[in-house]
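Participant: Here's the letter readout for the chains.
2 protein chains.
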Amino acid sequence: MSQVKICLDESDIPRHWYNVVADMPNPPAPPLGPDGNPVGPDALAAIFPAAIIEQEVSRERWIPIPEPVRDIYRQWRPTPLYRALRLEEALGTPAHIYYKYEGVSPAGSHKPNTAVAQAYFNHVAGVRRLTTETGAGQWGCALAMAGQMFGIEVRVFMVRVSYDQKPFRRSMMETWGTEVIASPSNETRSGRRILDSQPDSPGSLGIAISEAVEEAVSRSDTNYALGSVLNHVLLHQTVIGLETKKQFDIAGDYPDVIIACCGGGSNFGGCPTLTRGHYAYDSGDTEGLTPLMLMYTLGRNFIPPSIHAGGLRYHGDSPLVSQLYHEGLIEAVAVPQRTTFEAGITFARAEGIIPAPESNHAIRVAIDEALGSTRTGEPKTIYFTLSGHGHFDMAAYDRYFAGQLEDTSYPDETIQAALADLPKVARNPA
Amino acid sequence: MSQVKICLDESDIPRHWYNVVADMPNPPAPPLGPDGNPVGPDALAAIFPAAIIEQEVSRERWIPIPEPVRDIYRQWRPTPLYRALRLEEALGTPAHIYYKYEGVSPAGSHKPNTAVAQAYFNHVAGVRRLTTETGAGQWGCALAMAGQMFGIEVRVFMVRVSYDQKPFRRSMMETWGTEVIASPSNETRSGRRILDSQPDSPGSLGIAISEAVEEAVSRSDTNYALGSVLNHVLLHQTVIGLETKKQFDIAGDYPDVIIACCGGGSNFGGCPTLTRGHYAYDSGDTEGLTPLMLMYTLGRNFIPPSIHAGGLRYHGDSPLVSQLYHEGLIEAVAVPQRTTFEAGITFARAEGIIPAPESNHAIRVAIDEALGSTRTGEPKTIYFTLSGHGHFDMAAYDRYFAGQLEDTSYPDETIQAALADLPKVARNPA
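Going down the list, the protein sequences come from chains S and L.
Under our numbering, think of the first position of the first sequence as 1, with each following residue one higher.
Under our numbering, think of the first position of the second sequence as 431, with each following residue one higher.
Any given hint might turn out to be false.
[Said to hold, decoys possible] Straight-line distance between alpha carbons at most 20 angstroms, and here's what the computed SDA-like set of lysine to any residue pairs gives:
no., chain 1, residue 1, chain 2, residue 2
1, L, 675, S, 9
2, S, 5, S, 85
3, L, 810, L, 521
4, S, 246, L, 594
5, S, 5, L, 439
6, L, 435, S, 68
7, S, 245, L, 439
8, S, 5, L, 506
9, L, 810, L, 518
10, S, 166, L, 594
Keep in mind that the hints were calculated from the coordinates and are not lab data.
Kindly produce the complete structure, drawing on both the sequences and the hints.
Facilitator: Quick look at the structure:
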């Protein structure tokens, strides 16, 4: 039997992150201010430390990973690359299926790869407090753990509907010593404005970002941290791909196709922001507190439907991923959630691991690729990132089994209406 | 900085289990029938395949691990041995603290080590169905996953109070294709007898075992599987210790003290069954369907208090662990649950991993050992098994933070009353 799990040694944890900007045919478009003019790095200084801002705008190919960050990575990295032999057998496919499992981190997803780095750079800059937002809670958990390890106080604005419905991720954050606040809250002007007009607001990621950014801007001891979208966040996640390359060398194989799910883009792949959004300048939050970024977006006021893959519910997408897609270097596929759960359950029964709903999107596409090989008889090597486990999402599996899970559709009018809200400086360079 | 995570290669997964019986100064006492006479291996043939029965009574030192079992072990084994450097720093201790983390298995605990082996031996014997019981759900999840991998239908009798209060472990079992039944149920005579007198019975592990055994005995296509207590179960868990020995060789260190929590004994260490029970013959279930085993027991009708470490709530203890304790080869410590959660949170904040409530018992004792070193300045090497993660136990952490977690005490009268129920053949050889 071939090797099932390809492990690397601690010494194989990358010593540098890889900056994809160095490979891009065109330089990334600059972020814009509300006046439509490019904003410089200093506009970010109120909420990010200098080292992070440098990474955000860097075109250097290799960025060194500080040793204290590697020391914490060693808790769960290198993560295993698996050959999904039992899944291949269940599908009767000649394809080789591999997946890199990021759910082995203590927070259960790939998010600590950047949370630890961001906490470290803030710690070195003397920052004692970080704010952030979280939807389903994966990112909030990652930053809570990372902050604790560098003695940084963390405050998480958690989308109220998740705060109420998913109390156990909140408990995790509290176990790591973090304060969790339901958003919209009375703690910020942005929150109070929403509550005034809608006291029962369920919140949204965009609103929670507004609250977290507002607090970071207004307090000199406090910075802000983001778990996706921005260039430095994607940079930190390149440890996944760098390890994967070494692991494919050991396997003596190489992927024909690489698949990942995509919300804000930290683990990219298949969401209607890419398939149906506009390539336009938009802000990252609902209040318009962030600079405008050129990205695929459904409009900052678009409220994504309440699918269970909370990590994919975002109106926009990483500018880097957006540009790679816009320039035809990657493809995007949208998949309805029922078929993603069906794929996740097939995977769990073959491979053991119960995946996060977000990861189920990648599994659906990987299985479809493999079934394509089954039909044609053509061998193919398929790789996907299993971004996290589903231990805090079992209620969604329950709903699937009970036949209560719905596929959401986005009528064209809904999307056109949301896009009509794009800021005035919006333009579609296509 | 020293190595944090000591990993082994796939080829280091043990090829044999280690049978501690070969080392015991005295042979284990035989199980007895209701008449007080020893029962032979055939008495177990109605519920166990021959290979398992051979292991149950074997005195061979090394028992081969079949390759198909090792193939599945490779999904998560070898598990990492961690040096808890950040915890040592937080405690300011000169002690070295190591832990072996079994929570990396897809089911989240050490239980799959034996579940996979039991499913395999039943599969080879042509058994198509397995029944078992589960309390908090760790064991039920492990057998659900293992059964699925060998095409065996699994039916789990889950203690009703857990079935109602911990629905997400039930969802996991269902995701792996297992049928989960709240116990006591109407499916068995044992269950109906309880329901007749107490329609609202919250159930207990002893009752659920009675139901699972009764169904296995009454159907020729169905066997029974147990997650703790019996010799073959402890045998399968020796993969943990065998890997640990290799890992300490790599670390160039060796433990002065080894700590594990103990319920039924598959991951032994510190529960009132050992500290306050009698060393006497007792049955494994409430109905008296199992043979009588010589073990530390609080009496089969003892209902353990509803502590959150569901895996430690059992009236008895493994005969092997009991004998090792009785003969002075191991020590036992009882710890109240509030201090175990305090220890678990200290651990989570330093090391990242949020432990299962059961594992928190071992962590409490490990931290106490380390604090002893801090006081005396004497270096010491401490090792404990982190038997699983706490992802399905966050409600217990919530209760701890809310000040709602209580320490239970066992008045002598309660224990004496429970012990008065011991079977007539009971004897205390001490």
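Participant: Could you run down the list of hints and mark each one as holding or not?
Facilitator: Here is what the structure says about each hint:
{"no.": "1", "hint": "L/675 x S/9", "result": "holds, 19 angstroms"}
{"no.": "2", "hint": "S/5 x S/85", "result": "holds, 10 angstroms"}
{"no.": "3", "hint": "L/810 x L/521", "result": "holds, 14 angstroms"}
{"no.": "4", "hint": "S/246 x L/594", "result": "violated, 46 angstroms"}
{"no.": "5", "hint": "S/5 x L/439", "result": "holds, 10 angstroms"}
{"no.": "6", "hint": "L/435 x S/68", "result": "holds, 15 angstroms"}
{"no.": "7", "hint": "S/245 x L/439", "result": "holds, 19 angstroms"}
{"no.": "8", "hint": "S/5 x L/506", "result": "holds, 8 angstroms"}
{"no.": "9", "hint": "L/810 x L/518", "result": "holds, 12 angstroms"}
{"no.": "10", "hint": "S/166 x L/594", "result": "holds, 18 angstroms"}
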